[in-house]
Amino acid sequence: MTTAFQARARAAIGNHQLHVALDRTTALLGLRRSTAVGSLDDFESVRSHARHAKMELLRHLGDSLRAFEERLLENGAQVHWADTGADANRIIVEIATRAGVRRVAKGKSMASEETHLNEALEHAGITVIETDLGEYIVQLANDRPSHIIMPIVHMTKEDVGLLMHERMHVPYSDDTQVLAQYARERLREEFLRAEMGVTGANFGVVENGTICLVTNEGNGRMVTTLPRVHVVLMGIEKLVPTMADLDRFLKLLARSATGQKLTAYTTLIRGPRRAGDDCGPEDVHVVLLDNGRTTILAGETAEILGCIRCGACLNACPVYRTIGGHAYGDVYPGPVGAIVTPGLRGIAHHAELPGASTLCGACRDVCPVRLDIPRMLLALRQEAVKETAQPIALRAGLKAFAAIASRPRAYRAAMKVMRRVLRARATDGWISRAPGLAAGWTASRDLKAPAAQTFEDRWRAYRAQRDAS
Amino acid sequence: VPPRGQLQLVPTCLVNEFHPDAGMAVARILERLGFDIHVPDGITCCGQPAYNAGFHDDARQVARHTLDVLTATEGPIVVPSGSCSDMLVHQYGELFRDHPADAERARGVAGRCREFSQFVAAHGGTEIGARLAPMRVAYHPSCHLLRGLGISREPQALIRSIEGVEPVPFAEQEECCGFGGLFSIKNPEISASMLDRKLAAVMVSGADRLVSCDLGCLLHLAGGLRRRGSTIATQHLAELMDEGLA
Numbered sequence: 413m414t415t416a417f418q419a420r421a422r423a424a425i426g427n428h429q430l431h432v433a434l435d436r437t438t439a440l441l442g443l444r445r446s447t448a449v450g451s452l453d454d455f456e457s458v459r460s461h462a463r464h465a466k467m468e469l470l471r472h473l474g475d476s477l478r479a480f481e482e483r484l485l486e487n488g489a490q491v492h493w494a495d496t497g498a499d500a501n502r503i504i505v506e507i508a509t510r511a512g513v514r515r516v517a518k519g520k521s522m523a524s525e526e527t528h529l530n531e532a533l534e535h536a537g538i539t540v541i542e543t544d545l546g547e548y549i550v551q552l553a554n555d556r557p558s559h560i561i562m563p564i565v566h567m568t569k570e571d572v573g574l575l576m577h578e579r580m581h582v583p584y585s586d587d588t589q590v591l592a593q594y595a596r597e598r599l600r601e602e603f604l605r606a607e608m609g610v611t612g613a614n615f616g617v618v619e620n621g622t623i624c625l626v627t628n629e630g631n632g633r634m635v636t637t638l639p640r641v642h643v644v645l646m647g648i649e650k651l652v653p654t655m656a657d658l659d660r661f662l663k664l665l666a667r668s669a670t671g672q673k674l675t676a677y678t679t680l681i682r683g684p685r686r687a688g689d690d691c692g693p694e695d696v697h698v699v700l701l702d703n704g705r706t707t708i709l710a711g712e713t714a715e716i717l718g719c720i721r722c723g724a725c726l727n728a729c730p731v732y733r734t735i736g737g738h739a740y741g742d743v744y745p746g747p748v749g750a751i752v753t754p755g756l757r758g759i760a761h762h763a764e765l766p767g768a769s770t771l772c773g774a775c776r777d778v779c780p781v782r783l784d785i786p787r788m789l790l791a792l793r794q795e796a797v798k799e800t801a802q803p804i805a806l807r808a809g810l811k812a813f814a815a816i817a818s819r820p821r822a823y824r825a826a827m828k829v830m831r832r833v834l835r836a837r838a839t840d841g842w843i844s845r846a847p848g849l850a851a852g853w854t855a856s857r858d859l860k861a862p863a864a865q866t867f868e869d870r871w872r873a874y875r876a877q878r879d880a881s
Numbered sequence: 011v012p013p014r015g016q017l018q019l020v021p022t023c024l025v026n027e028f029h030p031d032a033g034m035a036v037a038r039i040l041e042r043l044g045f046d047i048h049v050p051d052g053i054t055c056c057g058q059p060a061y062n063a064g065f066h067d068d069a070r071q072v073a074r075h076t077l078d079v080l081t082a083t084e085g086p087i088v089v090p091s092g093s094c095s096d097m098l099v100h101q102y103g104e105l106f107r108d109h110p111a112d113a114e115r116a117r118g119v120a121g122r123c124r125e126f127s128q129f130v131a132a133h134g135g136t137e138i139g140a141r142l143a144p145m146r147v148a149y150h151p152s153c154h155l156l157r158g159l160g161i162s163r164e165p166q167a168l169i170r171s172i173e174g175v176e177p178v179p180f181a182e183q184e185e186c187c188g189f190g191g192l193f194s195i196k197n198p199e200i201s202a203s204m205l206d207r208k209l210a211a212v213m214v215s216g217a218d219r220l221v222s223c224d225l226g227c228l229l230h231l232a233g234g235l236r237r238r239g240s241t242i243a244t245q246h247l248a249e250l251m252d253e254g255l256a
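Each protein sequence line maps, in turn, to chains B and W.
Counting in this note's numbering, the first sequence runs from 413 upward without gaps.
Counting in this note's numbering, the second sequence runs from 11 upward without gaps.
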């Protein structure tokens, strides 16, 4: 039986264009990351500090959130709590409607992808423009992002040239500078026309209520200063305790995400425009989104809430590099998505995601917060076994395996049968077409036939011969 | 060589059933280093297939049996597999997190357990005078050995120590081969695509042999090379060393 995930993965594997695009970008980002990591003398100690700070914060998340809210209010921001994605969307639509907003300019926000905010705003008759170049192209293509920081990693520059030519009626080009210029001209008008800016947050600093945004295009700064209303949609896990911690996280994020020492723009926001300010919004709203995060916090994968969405695990993951982001079927792809998606949406419809990994550990190695992703994948596999239907052959097979492997004599006998059955199918010691569960295996590789004599038998014979001589 | 006491050789189920040559090579090398080798009576499988599939009750049943067998023995436990070693060293602790008595036994076993290359490199394995006709050898660092146990220097030092062997690097050498146990059965197409990438890199490296310390990866790589008509031979590191001692 082919599942929805397998069907999406298969389509991705057959898409040569996708592989070209994925290979180019993930290899480049991986290389840049390792170079950038080397540029920080005490990378490992920064990593340890950051991890410690985040895990401590998560242990007392409720207290931190209350303190953060107090600072936000002192700074003149308005705070909203959203239990679900639908709540967040309703709150943001209400803010827009009350302020008479017709046009929204958006900075890049995974949280808004998660809640499908654009659709909600559009449904209320509000025009939404994505201003991050990648997200702008996603919107233009009516597509979905396939990478956390590189939304259009699945597209080649030729794809983008063609898309812009068709949708924006500009001359075709495959020169990224020209393409960026096309978008920039269009976006400049949008920044000036938008009445409301919506962004995510990379970090929220508990000690003083600062919202931190990083971008490389400067669009974050435009979106947060030009429109008269600014709405921040952020997951409740985005907090860091202090400005000193923020410094560490910024070092880790830029290096891990794009291999930079620091992103081109780091925007720190502490409330609305004050008397004497030249620019800035009249109102700043912060919407704190739960949407399943407290459920994750109470379970085996709480650690994943320490994720800073750098995308390094995607670039390092051989499975992601093979199937791309869309195959994961939701907003967050790759190793982090295989944990976050079942956590946020429930394991029932995403039971295969934790299984879509060889547990190779490349993700854990590059994670700036040292999240033990393989451990969490294993925990979720266990949950999937408990809560979802498993192929009967697998369930029965493993049950039988456990019963037999704990009884040496039965095990020897069963293995002997297994060896005989497989050897009967072999030619020259190799099986090129296996039945049942192993059929997929032999579709693209041969299977070595088991040995005529086990190691244990050979060892006994060897020992006996040596002892005799 | 002065006698160095006894050790337990856990052959692993894949070596035992599919490739006993690797087990014999391991045993001969350990004997040459002066150890008195015992193969624990009644050893079966470490339970990793069930564990990785999320069937932890089943895995615990098998793991308890393995602990029964191993706690009745003495001396170091040598395992010619990174992934089975990682299972014994790291995953049993997780598996028995809520079972204090078994967790205690698991800690004892983990403390005695050494992966083959780790153990051999620490006991003079680079100085046993292995020599072979000139050949180029590519090394595939299996993921559980490299990233699970953090063992990287030892197997490479052992390869370099064989006279006549020229180690050859290849692109993205540390990337997974796509085996992943049941992963390659449940997701055979993704696995095959990962294997393609790995083998393409190995085949252009100019290697005559492809060596690793995990039978799972080796069966996967060997089956892939054969299907692609390659003449590159695959071997467990112990077999390469043993061949150099013959």
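Hints listed in this document are in silico derivations from the structure and should not be mistaken for laboratory results.
This structure is a prediction, so every number in the text was calculated from the model and none was measured.
Glycine included, each C-beta is placed from N, C-alpha and C at the ideal position.
Any given hint might turn out to be false.
[Claimed, not checked] Pairwise CB distance ranges, derived in the manner of DEER restraints: (1) 628/B x 139/W: 23 to 33 Å; (2) 162/W x 536/B: 55 to 65 Å; (3) 673/B x 78/W: 48 to 58 Å; (4) 798/B x 103/W: 47 to 57 Å; (5) 139/W x 467/B: 47 to 57 Å; (6) 78/W x 655/B: 53 to 63 Å; (7) 15/W x 673/B: 51 to 61 Å; (8) 41/W x 710/B: 28 to 38 Å; (9) 467/B x 108/W: 15 to 25 Å; (10) 238/W x 493/B: 23 to 33 Å; (11) 78/W x 872/B: 14 to 24 Å; (12) 820/B x 108/W: 54 to 64 Å; (13) 41/W x 844/B: 19 to 29 Å; (14) 170/W x 677/B: 14 to 24 Å.
To see whether the hints hold, each was checked on the structure:
For the pair residue 628/B and residue 139/W, the beta carbons lie near 57 Å from each other, so the given range of 23 to 33 Å is not met. Separation of residue 162/W from residue 536/B is about 56 Å and conforms to the stated range, judged on CB atoms against 55 to 65 Å. Between residue 673/B and residue 78/W the CB atoms are about 54 Å apart, so this pair conforms to the stated range of 48 to 58 Å. At about 21 Å, the beta-carbon gap between residue 798/B and residue 103/W misses the expected band of 47 to 57 Å.
Checked against the hint of 47 to 57 Å, the C-beta distance between residue 139/W and residue 467/B comes to roughly 50 Å, which is consistent with it. Judged by the Cβ atoms, the range 53 to 63 Å given for residue 78/W and residue 655/B holds: they are separated by roughly 55 Å. Between residue 15/W and residue 673/B the CB atoms are about 53 Å apart, so this pair conforms to the stated range of 51 to 61 Å. About 53 Å separates the C-beta atoms of residue 41/W and residue 710/B, a value inconsistent with the hinted range of 28 to 38 Å.
Remark: the range hint 15 to 25 Å for residue 467/B to residue 108/W is upheld by a beta-carbon distance near 21 Å. Judged by the Cβ atoms, the range 23 to 33 Å given for residue 238/W and residue 493/B is violated: they are separated by roughly 57 Å. A hinted range of 14 to 24 Å holds for the C-beta pair residue 78/W and residue 872/B, which are about 21 Å apart. Residue 820/B and residue 108/W have their C-beta atoms about 27 Å apart, which leaves the hinted 54 to 64 Å range violated.
For residue 41/W paired with residue 844/B, a C-beta distance near 37 Å fails the hint of 19 to 29 Å. About 48 Å separates the C-beta atoms of residue 170/W and residue 677/B, a value inconsistent with the hinted range of 14 to 24 Å.
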